[in-house]
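**Student:** Those protein sequence lines, which keep their order, are chains A and B.
No gaps in the numbering here: position 471 of the first sequence is 471 in the working numbering, and each next residue is one more.
No gaps in the numbering here: position 310 of the second sequence is 310 in the working numbering, and each next residue is one more.
Derived by calculation from the structure, the hints in this document are not laboratory data.
Since the model is a prediction, treat every value here as computed from it, not as a measurement.
Any given hint could turn out to be false.
Since the list gives no way to pick out one identical chain from another, each pair is judged satisfied if it fits inside one copy or across any two copies.
Claimed, not checked - Derived lysine to aspartate or glutamate pairs resembling EDC-like cross-links, with alpha carbons at most 20 angstroms apart: (1) Lys-90 with Asp-271; (2) Lys-27 with Asp-242; (3) Lys-263 with Glu-302; (4) Lys-235 with Glu-28; (5) Lys-263 with Glu-68; (6) Lys-90 with Glu-274; (7) Lys-90 with Asp-422.
Protein chains: 2
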Amino acid sequence: MPGDSDRLRGLLGTDQYQLAMAQVYWKEGLAGRHAQFDYFFRRYPDYGTHQAGYCITAGMGWLLEWMESVRIEEADIELLASQETATGSKRFDSGFLHWLLANGDLSAIRIDAVPEGRVVHPNEPMAIIRGPLAMTQILETCLLNRLNYPTLIATKAARVEDAARGASVLEFGMRRGPHSGVHAGGRAALIGGADFTSNVALSHAVGLDPKGTHAHSMVQAFIALGSTELDAFRKFASLYPDECILLVDTIDMLGSGVPNAIKVFEELRADGHEPAGIRLDSGDLAYLTIQAAAMLDDAGFEKVSIVLSSDLDELVIWQILSQLESEAPRYGLDPKTLVRRVTFGVGTRLITSHGDPALGGVYKLVAIDDGTGTWKPAIKISESIEKMPVPGEKTLFRAYDHRGLATADIIAVAGEEPTEQDSFELFHPHRETHRTVRTEDLSASESLLENVFADGLRRDGEPDLEILRKRRRGDLDRLDRGVRRLVNPHIYHVSLTRRMKDLQLGLIEEFGS
Amino acid sequence: MPGDSDRLRGLLGTDQYQLAMAQVYWKEGLAGRHAQFDYFFRRYPDYGTHQAGYCITAGMGWLLEWMESVRIEEADIELLASQETATGSKRFDSGFLHWLLANGDLSAIRIDAVPEGRVVHPNEPMAIIRGPLAMTQILETCLLNRLNYPTLIATKAARVEDAARGASVLEFGMRRGPHSGVHAGGRAALIGGADFTSNVALSHAVGLDPKGTHAHSMVQAFIALGSTELDAFRKFASLYPDECILLVDTIDMLGSGVPNAIKVFEELRADGHEPAGIRLDSGDLAYLTIQAAAMLDDAGFEKVSIVLSSDLDELVIWQILSQLESEAPRYGLDPKTLVRRVTFGVGTRLITSHGDPALGGVYKLVAIDDGTGTWKPAIKISESIEKMPVPGEKTLFRAYDHRGLATADIIAVAGEEPTEQDSFELFHPHRETHRTVRTEDLSASESLLENVFADGLRRDGEPDLEILRKRRRGDLDRLDRGVRRLVNPHIYHVSLTRRMKDLQLGLIEEFGS
Numbered sequence: 001m002p003g004d005s006d007r008l009r010g011l012l013g014t015d016q017y018q019l020a021m022a023q024v025y026w027k028e029g030l031a032g033r034h035a036q037f038d039y040f041f042r043r044y045p046d047y048g049t050h051q052a053g054y055c056i057t058a059g060m061g062w063l064l065e066w067m068e069s070v071r072i073e074e075a076d077i078e079l080l081a082s083q084e085t086a087t088g089s090k091r092f093d094s095g096f097l098h099w100l101l102a103n104g105d106l107s108a109i110r111i112d113a114v115p116e117g118r119v120v121h122p123n124e125p126m127a128i129i130r131g132p133l134a135m136t137q138i139l140e141t142c143l144l145n146r147l148n149y150p151t152l153i154a155t156k157a158a159r160v161e162d163a164a165r166g167a168s169v170l171e172f173g174m175r176r177g178p179h180s181g182v183h184a185g186g187r188a189a190l191i192g193g194a195d196f197t198s199n200v201a202l203s204h205a206v207g208l209d210p211k212g213t214h215a216h217s218m219v220q221a222f223i224a225l226g227s228t229e230l231d232a233f234r235k236f237a238s239l240y241p242d243e244c245i246l247l248v249d250t251i252d253m254l255g256s257g258v259p260n261a262i263k264v265f266e267e268l269r270a271d272g273h274e275p276a277g278i279r280l281d282s283g284d285l286a287y288l289t290i291q292a293a294a295m296l297d298d299a300g301f302e303k304v305s306i307v308l309s310s311d312l313d314e315l316v317i318w319q320i321l322s323q324l325e326s327e328a329p330r331y332g333l334d335p336k337t338l339v340r341r342v343t344f345g346v347g348t349r350l351i352t353s354h355g356d357p358a359l360g361g362v363y364k365l366v367a368i369d370d371g372t373g374t375w376k377p378a379i380k381i382s383e384s385i386e387k388m389p390v391p392g393e394k395t396l397f398r399a400y401d402h403r404g405l406a407t408a409d410i411i412a413v414a415g416e417e418p419t420e421q422d423s424f425e426l427f428h429p430h431r432e433t434h435r436t437v438r439t440e441d442l443s444a445s446e447s448l449l450e451n452v453f454a455d456g457l458r459r460d461g462e463p464d465l466e467i468l469r470k471r472r473r474g475d476l477d478r479l480d481r482g483v484r485r486l487v488n489p490h491i492y493h494v495s496l497t498r499r500m501k502d503l504q505l506g507l508i509e510e511f512g513s
Numbered sequence: 001m002p003g004d005s006d007r008l009r010g011l012l013g014t015d016q017y018q019l020a021m022a023q024v025y026w027k028e029g030l031a032g033r034h035a036q037f038d039y040f041f042r043r044y045p046d047y048g049t050h051q052a053g054y055c056i057t058a059g060m061g062w063l064l065e066w067m068e069s070v071r072i073e074e075a076d077i078e079l080l081a082s083q084e085t086a087t088g089s090k091r092f093d094s095g096f097l098h099w100l101l102a103n104g105d106l107s108a109i110r111i112d113a114v115p116e117g118r119v120v121h122p123n124e125p126m127a128i129i130r131g132p133l134a135m136t137q138i139l140e141t142c143l144l145n146r147l148n149y150p151t152l153i154a155t156k157a158a159r160v161e162d163a164a165r166g167a168s169v170l171e172f173g174m175r176r177g178p179h180s181g182v183h184a185g186g187r188a189a190l191i192g193g194a195d196f197t198s199n200v201a202l203s204h205a206v207g208l209d210p211k212g213t214h215a216h217s218m219v220q221a222f223i224a225l226g227s228t229e230l231d232a233f234r235k236f237a238s239l240y241p242d243e244c245i246l247l248v249d250t251i252d253m254l255g256s257g258v259p260n261a262i263k264v265f266e267e268l269r270a271d272g273h274e275p276a277g278i279r280l281d282s283g284d285l286a287y288l289t290i291q292a293a294a295m296l297d298d299a300g301f302e303k304v305s306i307v308l309s310s311d312l313d314e315l316v317i318w319q320i321l322s323q324l325e326s327e328a329p330r331y332g333l334d335p336k337t338l339v340r341r342v343t344f345g346v347g348t349r350l351i352t353s354h355g356d357p358a359l360g361g362v363y364k365l366v367a368i369d370d371g372t373g374t375w376k377p378a379i380k381i382s383e384s385i386e387k388m389p390v391p392g393e394k395t396l397f398r399a400y401d402h403r404g405l406a407t408a409d410i411i412a413v414a415g416e417e418p419t420e421q422d423s424f425e426l427f428h429p430h431r432e433t434h435r436t437v438r439t440e441d442l443s444a445s446e447s448l449l450e451n452v453f454a455d456g457l458r459r460d461g462e463p464d465l466e467i468l469r470k471r472r473r474g475d476l477d478r479l480d481r482g483v484r485r486l487v488n489p490h491i492y493h494v495s496l497t498r499r500m501k502d503l504q505l506g507l508i509e510e511f512g513s
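Turn these sequences into a full structure, and let the hints steer you where they fit.
**Tutor:** What follows is the structure, given as structure tokens:
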């Protein structure tokens, strides 16, 4: 049972019930009937002591690439044919399996989505998936698995980047991250806010230079063999004279590590090289940063950077930078200069989204072709009005105010253009409260959904990492600071138009108990 | 940039600093020098309101399988050769890359480990890795990435299984889990306590029947097309008459879902089939379980199971079962019978280890060959005594008392057999407190470490899932109930022998500041 075999990466990497339902649809002649599913989440990540006020979409690029190539294979059919019920009968009819082998690709599926790297909010369709009922159903688990976790990590990374106030952020989480999922998580971190990653294979895959320093073990190895920390530093520096970052806390940071690093830096400089930095991986990082910075300054290494690591997240970074700013003057250091020389290596808490380790993204049936080409809206009347999806075919707009800031995301019935009127009403997705918006108070509006997959091919233009990062920065620049706040953010408006609200209420009346 | 390409699965799926250090070792003639690293964690998962008192090892099988086949490839060398420093020079010397291509496999590495599926505790070596310094260093990130997350999930699963008091546990987490990491997480859940998973590909890979029911979308689709919940149930039941589990909360659980399910169950029975169950996925699960059970009993379906899902974890399950037991009599239901018919579908909170999403497993250099075949212990004198690994070559024993329960795990110097004496002293790993154990108070002791990898081949006997589960059950049966307690567990003793303590203190004296 291999950990990452081809079979695990195929279309059978889905939930069993998708196949059980697909067979029902096949039996009822509905397998090829077109359906629409919306992908959305219901609430922002809540990290306990702090909360997100936005999310950053991620994962779509790799999902689409996978969708282009994947299909139900003969080997998959053999596995399904081997499944038996408790009474010994075959679970899947050979007729269904023939259908599945013939129709088991994703070429009839179309996806319109908010492009990867953009800001998104609860209850709005981040992706709209249309296609044959059986295959859209089988795709459900695969899609959720490939979008939820990356979006969660990109969101965390954006918060970390925000907290870091322009300081460089390095993704270091591979060792604590979720097995082979770390690659998608690392890529999401790079989209969301990390500048680089230590993951070598991923760095090469996305065209970045992999980053790293050295470990305690290197210093320990030299010491155990009768040598010294100073000698270990020298050996490392001699190989990496122009990018030498030394880890200074193997023995005693201020008593041994920093003084030895300074000695080696002086030797490097005498040799015509500029040292790059030191890394602190334990202890009171704010206090030690100040002490180390003062020692480096005294020795004439004002530009040497200080890389911090050790269970960092957005709140810890925020706290460290606040402390640096307020305490630097007491030690004769310029706060701005001090903050600028710091780099953050963020590991465990980024790659696992510490505090809230799952995005509750769902994939809900909202419409189905009635067999004549007319879409019928679908709805789930559950106990909780909060869990009710917005039904039917729809579009999604983002409206900007005269400051150029996003002011509301608007879910409208397909074809509707609310901003073409002088004013329009916006309704809360789950309550009947509403407000009126005057179009003259808006500076612009844009449609957020773009076709990203059709005819078996990705249509997203295969954006590279820089394009995705540009989207993220562009959207965050147009997001109110209150919404971006790390703790208790303002709630951003996601609203329905009157026509969409009427459709929703009509369905509740029709089908509700 | 593919999401799961071969390159991401290779040996470059490691941290950059491992390669940077490997080049230093190569340059210093130490790349082939044998070193010993210990893999261990420092504290149990702490879920906030509840805490683990043990962990279950998982991930080793897939790690070893990967280790057998992986090596540095030409394509990896090309990527590394392309890396340049900021000044434009090549980061890796061609001599080093030649060495790496020639020596870049794991055939010289030996791993002794606590076998997969067993109970383990903090500060004890779960795996001891010995081999050439450069390759053991490159392996570090790969190994941590492949063992930490599975061990975390197996541990959570064991707790869930414990809380479920014999009720069946199904792993349903794929959609919210971490991208391709869900397969390793799902396998770990199956080792740790889940009986089955909904993940089709994984089920086939480990030889289990995949489990599932149907989704709300199936009922919604039929309703949107003018049909009814009852009709949707009938269509589903007609295809799966002997394993029919109906999801009853799409519209109104007690008003529509359960009554419709009972109608279909009566039709199934009239046709000679026994219905299997209903599933509840929202609302007050304890209350609704009692109501649904009463309705099913009244209709003569006392054996139909009730599958519960919706953000379950060990505490929620514990609470639900406690409530079922205490309230069942008020509704004329037998508590034991009621509890026995429940099955738990556990998703998000299992696959993400909700509450503590990372195991802080580390891989620390503890000894190195001095070049003459003599091992030199290595130590890291950091600010925190708690972070100091146990140095040098070692063995690990587990001692059992006369009840047959594990009473202590003992870390001894290699070759030492403490239980051969009448009594021996045990020391806390990080404090100088100690106690004396009389060997006559023990019923047995066993060595926990076994050779699992050598000469490029796994030596663990390739145990199948049933063997791994048997190990887990065997170890949990021999663990004190207080240690297994879900909240505030007893602290299990992990101790050093006097000889190991003396070695540790001697090194601190020698190298400490």
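**Student:** Determine for every hint whether it applies to the structure shown.
**Tutor:** Tested hints:
1. In this homomeric assembly, Lys-90 and Asp-271 come within 20 angstroms of each other (Cα to Cα) only across copies, at 18 angstroms, whereas the closest approach inside a single copy is 76 angstroms.
2. Taking the shortest alpha-carbon separations for Lys-27 and Asp-242, only the inter-copy value of 17 angstroms comes in at or below 20 angstroms, while the best intra-copy value is 67 angstroms.
3. For the identical chains of this complex, Lys-263 and Glu-302 are intra-copy neighbours only, at 15 angstroms inside a copy versus 79 angstroms across copies, given an alpha-carbon limit of 20 angstroms.
4. Taking CA atoms no more than 20 angstroms apart as the test, Lys-235 paired with Glu-28 passes between copies only; the shortest distance there is 8 angstroms, against 72 angstroms inside one copy.
5. Proximity of Lys-263 and Glu-68 under a CA criterion of 20 angstroms is satisfied in neither setting, with 55 angstroms inside one chain copy and 44 angstroms between copies.
6. When the C-alpha separation of Lys-90 and Glu-274 is checked against a cutoff of 20 angstroms, the pair qualifies only between copies, where the shortest distance is 17 angstroms, while the shortest distance within a copy is 71 angstroms.
7. Taking the closest pair of Cα atoms, Lys-90 and Asp-422 never come within 20 angstroms of each other, the shortest separation being 62 angstroms inside a single copy and 62 angstroms across copies.
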